[in-house]
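Given the coordinates of chain L, work out where chain S should sit on it, guided by the hints.
There are 2 protein chains.
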Amino acid sequence: MSVTLHRGKDCSFVSTPDKIEPRNAEPRVVRPGGKQTIFFSHPPKITGRMAVVGDKEGKGPMGKYFQKVISFDETRKKTFEKAEIDMLLAAIEGAIERGGLTRRDIDLLLAGDLLNQITSSGYAAREVDVPYLGVYSACSTMSECLALASALIDAGHISHAVCATVSHFATAERQYRYPLEYGNQRPPYAQWTVTAAGATVLSREGDGPRITAATLGKVVDYGQNDQNNMGAAMAPAAADSLAALFDDTGTAPKDYDLIVTGDLGKLGSDILRELMRERGYDLGQRYTDCGTLVYDGTQKCYQGGSGAGCSASVVNSFVLDGVASGRYNRVAYFATGALMSPQSCFQGETIPCISHGVIIER
Amino acid sequence: MSVTLHRGKDCSFVSTPDKIEPRNAEPRVVRPGGKQTIFFSHPPKITGRMAVVGDKEGKGPMGKYFQKVISFDETRKKTFEKAEIDMLLAAIEGAIERGGLTRRDIDLLLAGDLLNQITSSGYAAREVDVPYLGVYSACSTMSECLALASALIDAGHISHAVCATVSHFATAERQYRYPLEYGNQRPPYAQWTVTAAGATVLSREGDGPRITAATLGKVVDYGQNDQNNMGAAMAPAAADSLAALFDDTGTAPKDYDLIVTGDLGKLGSDILRELMRERGYDLGQRYTDCGTLVYDGTQKCYQGGSGAGCSASVVNSFVLDGVASGRYNRVAYFATGALMSPQSCFQGETIPCISHGVIIER
Numbered sequence: 001m002s003v004t005l006h007r008g009k010d011c012s013f014v015s016t017p018d019k020i021e022p023r024n025a026e027p028r029v030v031r032p033g034g035k036q037t038i039f040f041s042h043p044p045k046i047t048g049r050m051a052v053v054g055d056k057e058g059k060g061p062m063g064k065y066f067q068k069v070i071s072f073d074e075t076r077k078k079t080f081e082k083a084e085i086d087m088l089l090a091a092i093e094g095a096i097e098r099g100g101l102t103r104r105d106i107d108l109l110l111a112g113d114l115l116n117q118i119t120s121s122g123y124a125a126r127e128v129d130v131p132y133l134g135v136y137s138a139c140s141t142m143s144e145c146l147a148l149a150s151a152l153i154d155a156g157h158i159s160h161a162v163c164a165t166v167s168h169f170a171t172a173e174r175q176y177r178y179p180l181e182y183g184n185q186r187p188p189y190a191q192w193t194v195t196a197a198g199a200t201v202l203s204r205e206g207d208g209p210r211i212t213a214a215t216l217g218k219v220v221d222y223g224q225n226d227q228n229n230m231g232a233a234m235a236p237a238a239a240d241s242l243a244a245l246f247d248d249t250g251t252a253p254k255d256y257d258l259i260v261t262g263d264l265g266k267l268g269s270d271i272l273r274e275l276m277r278e279r280g281y282d283l284g285q286r287y288t289d290c291g292t293l294v295y296d297g298t299q300k301c302y303q304g305g306s307g308a309g310c311s312a313s314v315v316n317s318f319v320l321d322g323v324a325s326g327r328y329n330r331v332a333y334f335a336t337g338a339l340m341s342p343q344s345c346f347q348g349e350t351i352p353c354i355s356h357g358v359i360i361e362r
Numbered sequence: 363m364s365v366t367l368h369r370g371k372d373c374s375f376v377s378t379p380d381k382i383e384p385r386n387a388e389p390r391v392v393r394p395g396g397k398q399t400i401f402f403s404h405p406p407k408i409t410g411r412m413a414v415v416g417d418k419e420g421k422g423p424m425g426k427y428f429q430k431v432i433s434f435d436e437t438r439k440k441t442f443e444k445a446e447i448d449m450l451l452a453a454i455e456g457a458i459e460r461g462g463l464t465r466r467d468i469d470l471l472l473a474g475d476l477l478n479q480i481t482s483s484g485y486a487a488r489e490v491d492v493p494y495l496g497v498y499s500a501c502s503t504m505s506e507c508l509a510l511a512s513a514l515i516d517a518g519h520i521s522h523a524v525c526a527t528v529s530h531f532a533t534a535e536r537q538y539r540y541p542l543e544y545g546n547q548r549p550p551y552a553q554w555t556v557t558a559a560g561a562t563v564l565s566r567e568g569d570g571p572r573i574t575a576a577t578l579g580k581v582v583d584y585g586q587n588d589q590n591n592m593g594a595a596m597a598p599a600a601a602d603s604l605a606a607l608f609d610d611t612g613t614a615p616k617d618y619d620l621i622v623t624g625d626l627g628k629l630g631s632d633i634l635r636e637l638m639r640e641r642g643y644d645l646g647q648r649y650t651d652c653g654t655l656v657y658d659g660t661q662k663c664y665q666g667g668s669g670a671g672c673s674a675s676v677v678n679s680f681v682l683d684g685v686a687s688g689r690y691n692r693v694a695y696f697a698t699g700a701l702m703s704p705q706s707c708f709q710g711e712t713i714p715c716i717s718h719g720v721i722i723e724r
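Protein chains in written order, with my numbering: chain L, 1 to 362; chain S, 363 to 724.
Bound-form chain L, shown alone (with noise of 0.2 Å):
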């Protein structure tokens, strides 16, 4: 699989625009036993979103689609921390105004980051002034708060909310691993996080692309405990949940336009679709992983990217400009993550995972 495989003339997939329609009587209820996909009766629409990504992203295969993309001077900050911060806000701020909002419209923020305590979001929210939310499942951060806020709308309680995430290459590197100064090298299974933050506004009504059923992930464990490969701990999480979907909605691959999962990087992916295979899912053409597409073989980001901002930047920007387009019609969004801190990796443990997904529909 080539990491340019989305883009342009090397996409073919199938349309298939009818809508998806459970297969049990009583639908909206998740049910004991395995089933883990809620359906929304007043599905929210996507009314705003804005990725905002650094210098090297920028200059990667997704580069053209990204709105904003932040010189290295720009994001020259006292600290990486800070930097990671007004990042968010950018895609906060971004998403509401490309809505035609304003804070003043937002009920709530839902929001989520790699940093300790998930200080970034905490941060941004003390500038943003509206009701907030934290949320945390590392690199499936970004697909939780679409399914909670997506949940919230449709039931009324809220009228707008924002989705938003973020990670930076360096504070996660210092957070995860070693301080860039260190200057340590990297396996060739090591995927590189990603300096981006995505944001999205769901609206109760309004025009935009649809969020019309979210899958809530179980935690996944295969036993791998190398933290530079996230992308083979993650791959059995991102499998856990499809096929969850797939079964709770009597649907199959070639009933999504897109299947794009978070960031499992190259080698992530190759074994979702080996375990796929297995369960008797081909994912076929119409498979891709956002931390694929966002960096080129030039870049020497080996298995690619990865980062709550991975997926959070492409999906706002390359994903939803399709569906936007019609060139995609129903988009399943797994985004998948590591559930590890380095203290549990040090004390012996393996690396927990899980998957989020929602389903798009145009």
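Hints are supplied without guarantee of correctness; some may be wrong.
Residues on chain S that point at chain L, a partial pick, calculated with CB under 10 Å [unchecked claim]: (1) 400; (2) 480; (3) 484; (4) 486; (5) 506; (6) 516; (7) 539; (8) 542; (9) 568; (10) 572; (11) 576; (12) 581; (13) 605; (14) 609; (15) 709.
If you're looking for bench data, these hints aren't it; they were derived computationally from the structure. Even for Gly, the Cβ is constructed at its ideal location relative to N, Cα and C.
Just chain S now, with coordinates in the frame of chain L:
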């Protein structure tokens, strides 16, 4: 205020059994411009609950209310972190069992904790094997979980959810301050992280106290930057959310039998009383704080308890016992969380805080 204020004969709350009625015509929508409260038209019931605490907490004033006290020997695991995970699991499984349910009945687990990447929750969720949403708002995690689960159950998306959180003195000290081996001294305005887990089962049908509304907090930062003085940092957030509740519902402190905050401790509680007085509300005898209840003066915990498990354990034992017995007909439970990390404080940031609240009625 004595730390035993709300024990036995010291209590004299005014009972107001009439339901909370929202002031506006469309009460279920959080409105821009200040409305932060969601009302549940099909309030979920608390059908199971469990508090599991450590030795020290078991010897405190709340000891007789906690459903399970784990002795030091029982908690001795290879690492403090494993002990914390086991304690959270015991609370989750105990709450499910006490609710007459099994794991297979549970549609969703919502959990979070204080450790980096909320690993206690992630690893516990791996064992429970139900769909899992990670949540983080520091010591306000329990009320955020209850608010989200209530909204999902109210909407009919799920039937049974478990909300859970945990904290552990030794893991929190090591992560936020110093490893215990350093034997560092604590300033007199400090609190003591409670070693405790609390879990609540919410159900769409069944008998038990109901969660009738939730107030989603905004991030509030009054410029406090001393990590040892959490009460002072968090009190303004509690004041902001309580004022939002009173404003959104047209109620006043006298309309609640008990107003209980998470873990402001003695100093923070005094500050909250003062801040509310400035806003025209006298909290009076109805108000207490879980942090002031959990230890007595001989236990050398200065301002009292703190940590996500503090209010989670006290509410799931003492407070809900009081609701079950008819002592309290309406409780406002507002946990409070400080959203900084040690790193953000080292970088010169102040401490942003938040308080999410739920209304529990008999």
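Status of the hints after comparison with the structure:
no.: 1; hint: 400; result: holds (5 Å)
no.: 2; hint: 480; result: holds (5 Å)
no.: 3; hint: 484; result: holds (3 Å)
no.: 4; hint: 486; result: holds (9 Å)
no.: 5; hint: 506; result: holds (6 Å)
no.: 6; hint: 516; result: holds (7 Å)
no.: 7; hint: 539; result: violated (14 Å)
no.: 8; hint: 542; result: violated (15 Å)
no.: 9; hint: 568; result: violated (15 Å)
no.: 10; hint: 572; result: violated (17 Å)
no.: 11; hint: 576; result: holds (9 Å)
no.: 12; hint: 581; result: holds (4 Å)
no.: 13; hint: 605; result: violated (13 Å)
no.: 14; hint: 609; result: violated (13 Å)
no.: 15; hint: 709; result: holds (5 Å)
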